[in-house]
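Peer 1: Model the full structure from these sequences, guided by the hints.
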Amino acid sequence: MNQTVQKSISLTPHHFPDLTLGQKISVVIGITGLMIGIIASTSTEARTVANLAISLSFISIGVIAYSWLSYKKESDGIKNNLVWFKSLTSRGLWAWITALVITGFYILLYFFPGALGLNKINNTGLVGLFDPLSVWIKHKPATQWFVYGVLYTMAILLFGIKFLWKYRHNQYQRLRTLSVMFFQLCFAFTIPELLERLNQPSMDLKNMWPLNYYFFFDWNLDKLIQGGTLGIFLLGWGILMIFIISPILTYFYGKRWYCSWVCGCGGLAETAGDPFRHLSDKTLKAWKVERWLVHSVLVLIVIVTLLVLYTYFTGNSQVLFLNSFTLREWYGFFIGSIFSGVIGVGFYPLMGSRVWCRFGCPMAAILGIQQKFFSRFRITTNGGQCISCGNCSTYCEMGIDVRHYAQRGQNIVRASCVGCGICAAVCPRGVLKLENGSVDIHQRTSDLKVLKLDQKGVHFD
Amino acid sequence: MTPGRDSGNQLRIVIIGNGIAGITAARQIRKMSDHAITVISSESKYFFSRTALMYVYMGHMRQKDIEPYEPWFWDKNKINLIHDHVVQILFDKKRLILASGQEVSYDKLIIACGSDSNTLNIPGIDASGVNALYSLQDLQSINSMSPNIKRAVIIGGGLIGIELAEMFCSRKIPVTFLIRESAFWNIVLPKEEAEMINHHIREHHIDLKLNSELIEIKKNMEGHVNGVITIDGEEIACDFAGLTIGVHPNIDWLKDSPLEINEGILVDTYLRTNLDDVYAIGDCAELRQPSPGRKPIEAIWYTGRMMGEAVGSSICGKLSAYQPGIFYNSAKFFDIEYQVYGDIQTQLPPNQKTVFWQSQDQKKSIRINYATDGNVLGFNLMGVRFRQEVCEKWITQKYSIEEVLQSLELAEFDPEFSEHYSSSVREQYQLLTGQTIHSKMIHTYNQVHQFLNSPKTLAS
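Keeping their order, the protein sequence lines are chains Z and V. Numbering of the first sequence is given in this note's numbering, commencing with residue 728 and proceeding in unit increments. Numbering of the second sequence is given in this note's numbering, commencing with residue 57 and proceeding in unit increments.
Keep in mind that the hints were calculated from the coordinates and are not lab data. Backbone N, C-alpha and C define an ideal beta-carbon position, used for all residues, glycine too. Be careful, since some hints might not be right.
What the hints assert, rightly or not - Reference listing, derived: stretches of chain Z covered by chain V, where coverage requires no fewer than 3 residues with Cβ under 8 angstroms from a Cβ of chain V:
{"#": "1", "segment": "799-808"}
{"#": "2", "segment": "1102-1114"}
{"#": "3", "segment": "1154-1163"}
Peer 2: Okay, structure coming up:
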């Protein structure tokens, strides 16, 4: 302690290695693809299959080449160097620009699809550019949702490949990522589009109520009921998922079976959103806000759904001061569009990749309640090995202060944990492990394992 | 009544140092009492994880991310933090004098002032650009020098040396790593493991020079390091020399005090010094009678924490000896994690045997040492995670090597779907002894739980 008192100065990097030439070229290729797409959208002559193909190929090549150059040559391990120094991943200028662009895109998508070129007859603009692809897949012109579906699926697949390289040393991470890529490509995109091609009622088979908030809305019920055998099957499947399949899987594996292995929102968060996971707020205050908010949304969607069903069966839309039509419109606008889309994805570079999942998703709320009280899943802490370094908390996309538990030698049972397993991966001391077990299920919310001290010295129970 | 005691039996407890030892003591005392607690540190206002400093430099975390508690925590728990430097302790008056001139009185004093970096007595050691890595200030100074470092030389093959090497790698600064021994950290690691790390260090394009020592540091006109000379007469041009040749208790400032000091502040098993109401814990403490097989000074995160718990309880009236139990430690060398449980010697003693498995790519290994009469003694893991409580139970309850190998899966702690290496270890044992051992179990959380909660006879 020879030094005199020094104020702690935040550590700013004076220099750090820039992107390599190869990485820069990859970025240029990707952005060129994006620009070609945008420019091609602007005129009827340019909206050709060839231009669409070139645009999407360039974007794909750019992302894949960038990922390959970033990770392939490096030795297997955690790749978080310089994360807090890069503008894009530390709420710098590039983060704000990205957030504005994505937010803007979502606003057009939800509220001004005309601006993207959606017309009653003869699409123009971006939607028009995707017409040939849409016609090829389902014999129908594109809608803004088709464009969105293609881009969303591409994002999960391309950034999924990046993630697979980044975490190639970790089999849990690889399988989980392959799973979200599969469910997005097949269940969210291909199957519904093919069903549409066959003029059948289409549905994303894994998109469950209440995340799929309109499942019990009259038009959806009518569509399914009038959709013949397949429609009835889809209706039955949806109900089976909610009341049987989901509770059973959550009991055995925790909510991760859905949130980080199957769900589309989770899929995007885990792939395209992965570079932003550390931006989630870890404070106790944020946890308090989270609990109020997410459970309020759950209560809200239950009320909306009950009212809509009441209207469906009685024809009466007014209950006391509540109107089921107004209410569900509001829910769709504020929660379905603004919260889950505009904020949920648009704010990735500012608030992390799980803003919607953490603060808004009513599905996550239900699964969370079950995970907390009636599931075999927990994260085990390995004895007294924690060095309180904070990597686990920092890289928890759900903003859980994992270290708080780990440094006490306590197992982690938290409603919001989506079981992505990154805390265990980034831990430099091998302290954390995701596990399922039934033996202690009745005491799982109490302090299972805390450092104890008595006549025998310091030890664990 | 002790003079200066506050109303009731509330004591004024002052802790010098806000590292893991001091802060654990403070928290333990708060858990058990309403004593007035003051923690003084000149290094930082808030407690941070020293072992995580490297990650701040590497951009994995910000400084506030390595602070385990939010700022409101200290007020809420009525732990008074003073960001100041203690210049003198008036033991007879039970009073401290701080650099700012402020005086602080205590009823009980806990000294947890940590370590200081070792240095070398060679020409040029005073050059600017020669830096150790221990404190926050060290990190800040290395960071501010970094833009101008074209090559860094690191001297000393221990945990801090390899951390510093990894830090420079993250910023693509070329590193020459001088190690006195024939392999990295082979004063602690057995030969095979040390070789693995040699290999891994070189994989990261580090110029690793073994059996090498520093004899001189050269400086330019401005007094900044511009090269080093090794014992072989080789001159290496560099703009930075990292001295990572270990640490010693930070006790220079206490030399002329009535405290009994050897290498560290001498304490008994209750962590009491020779002076009444004065305790020493963590890196700066030296045990008069360490437990068998343990060193009198162990500058380790975990021992600091355990000492903090013990001293906190003792002060709150529940006299608790410091009993560290089965030794354990862990580290990470670039991408290879390391865990050790129990007794692992660099040279196998004649009354011990070892079973050792290593993966083809030399990134993973499992070593189990056992006594010639069969009891397991220690586990040394590279790139493989084992469950501490299971290993501890095997060691304390004297399970035989064969019993352990039969149920080795119980210790596996790698993420789900990872490859299992237990059968590979059993094969190694078979090669060694001719004994074939069959696994008795499939590893599940329930089985682990059952094992840990059952007496030995049922499990074996």
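Peer 1: Indicate, hint by hint, whether the structure satisfies it.
Peer 2: Do the hints match the structure? See the list:
Coverage of the segment 799-808 of chain Z by chain V holds. Counting CB-CB distances below 8 angstroms, 6 residues qualify, and the rule asks for three or more. Counting residues of the segment 1102-1114 of chain Z whose CB falls under 8 angstroms from any CB of chain V gives 7; the rule of at least 3 is met. Counting residues of the segment 1154-1163 of chain Z whose beta carbon lies closer than 8 angstroms to any beta carbon of chain V gives 7, which meets the minimum of three for the stated coverage.
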